[in-house]
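> Chains as they are written, first to last, in numbering that gives the first Met the number 0: chain A, 0 to 286; chain B, 0 to 126.
Treat the hints with care, since some could be wrong.
What the hints assert, rightly or not - No farther apart than 25 Å at their CA atoms in a straight line, the calculated lysine to any residue pairs in the SDA-like style are these:
| id | chain 1 | residue 1 | chain 2 | residue 2 |
| --- | --- | --- | --- | --- |
| 1 | A | Lys93 | A | Arg137 |
| 2 | B | Lys74 | A | Arg213 |
| 3 | B | Lys79 | A | Gln210 |
| 4 | A | Lys47 | B | Thr94 |
| 5 | A | Lys125 | A | Ala139 |
| 6 | A | Lys96 | A | Glu138 |
| 7 | B | Lys95 | A | Thr191 |
| 8 | A | Lys50 | B | Ile69 |
| 9 | B | Lys95 | A | Gln187 |
| 10 | B | Lys74 | A | Ala214 |
Worth flagging that the hints you see were computed from the coordinates, not collected in a lab.
Here are the chains, one letter per residue:
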Amino acid sequence: MNLRPAIRLASVAFGLATLLSAALPAGAADSADPAADAKAFQNYFTTKFPKLKLADFVNGPYSLNEDMHRQWVEKEEFPPYEFSLEMGKEMFAKPFKNGKGYADCFDNGGIGVRQNYPYFDEKEGKVITLELALNRCREANGEAPLSYMKDEMAALTAYMAFTSRGKPFDIKIPNDPRALAAFENGKQYFYTRRGQLNFSCASCHVQNPGQRMRAEILAPALGILNAMPIYRSEWGGMGTISRRFTSCNSQTRGVPLEPQSDEYRDLEYYLSYVSNGLPISGPGARP
Amino acid sequence: MNDTSATKPGRLMRLAPALLLTSLIGIVTSAGPVHAQSAAVEGQKLAFDRGKGNCLTCHVIKGGDLPGTIGPELKDIKSKFPDRNELVAILNDETKRNPQTVMPPFGRNRILTEQEINAIVDFLQTL
Chain A
0 MNLRPAIRLA SVAFGLATLL SAALPAGAAD SADPAADAKA FQNYFTTKFP
50 KLKLADFVNG PYSLNEDMHR QWVEKEEFPP YEFSLEMGKE MFAKPFKNGK
100 GYADCFDNGG IGVRQNYPYF DEKEGKVITL ELALNRCREA NGEAPLSYMK
150 DEMAALTAYM AFTSRGKPFD IKIPNDPRAL AAFENGKQYF YTRRGQLNFS
200 CASCHVQNPG QRMRAEILAP ALGILNAMPI YRSEWGGMGT ISRRFTSCNS
250 QTRGVPLEPQ SDEYRDLEYY LSYVSNGLPI SGPGARP
Chain B
0 MNDTSATKPG RLMRLAPALL LTSLIGIVTS AGPVHAQSAA VEGQKLAFDR
50 GKGNCLTCHV IKGGDLPGTI GPELKDIKSK FPDRNELVAI LNDETKRNPQ
100 TVMPPFGRNR ILTEQEINAI VDFLQTL
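Let the hints inform the model, and build the full structure from the sequences given.
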C-alpha cells in the first residue's frame, strides 16, 4: 500500500508544529529537572488510573481494560513472539565470522542488561540505544548492519529483553550538560505537535490513554517501551521501537524520521527515563 | 529507505487512495450549486471517509462503524449549536476554542476545503 502521496501532502503542514506545553503533567513543563519530571509524569498516570499498580503499566493497552487483559493472559499461554525469541537466542549464540559474538560487546555478556538502555555515552556525547549498540557490535566485527525495523533486529532485542524481564528500567542521566540536553530534546519531541493532523505523541499517549481511536485502545506513555519489541497481529509479525516510532509518525500523516536518528534516540531516552522503576516485560504481544 | 511494511498505515488512517477519491469528489461538488440535502449526503461521506474528515476515529456518529471514544458523541447538534458558524469554526480550527484539543484543525491545515466543511456542517445539522 502506497502512503507516499499522503506523506508528501503532510510535509507541507510540517512547519506548523507547536509545543503542546499545557498538556504536560503539571509541573513537568518547564523545569530542567529530569527526576522531578519523571515523578510528575508517573503521578499523572497513577492518578488517572488509580486502580493500576506502577508495574501494570508495562502491558500497554492490555492493562487498561478487563476484556483486553483476559486476551493478554490467553495470548501469553502461546505467545506469538515465541518464534522470534527462539531465533534471537540462536542468533545471539552464533559466533560472527571472526569468531567473536554479541556477548563480547555488552556488559555481563548481554544477559539481563536491557533495563540499562538507552544510555548516554559521554565520549560520543550522544544517546546509545540497544538497537544501535547491536548494529555497532556487528559492524565492529565486520558484519553488515541489520534493518532496524523487524525480523533479526526484533529477534535479538526480544531475546535480550527476555533475559531482563522483571528488572526495573534504570536509565541514568550523567552530570553532563549534553545528557540533560538530550533528555530535554526528547521531551520536546514528545510534546510537539506536528503534521497535518497537528498531533503530538502526547496527544494520544498522555491525553487519551485508554480511549479508543477507532478500534484501538491507546496505550499510556508510562511504561510504553518496557514491552518492546512487540508482536502485533496487525503487523502480522514483530516490530522494534524504531518500527513503532516510525509507524506512529506516518499513521498520523507526519513524516517519519530515519530510524535511530538523533531525535528518535533522544525520544527513546526521555520515554525510558520517565519509566524508570517499571520492570522490563518484553517481548510483548499486542492486538 | 522507507521500509514499506513499517510505514503501512494502521487501521487508523488508510488514506492514500481515499485522498485521490475525495479530491475527485471535491472537484465535482465545487462545480455547481448544491442543494442542502445532497450537500448533507456528501457531508456524511466526507465525515466518514478515512482520508478526509475521518471523524469516526474520535466521535460516535449515527450511521458510522467502529467509532472511537476520544471526542463526545455527535448528536442533537442543532440544539447545541443553533448557529452553523459555530460548527464551521470548530471544524476550521478547534484549537481556537480549546488550545489543548486533539481535534485536528481541518480548515487551517487544509485537510478539508471550505466547501467540504460546509457540506459536513450540513450533515452535522441533521444529527
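> Tell me the hint numbers this structure goes against, listed in increasing order.
Structure breaks no hint.
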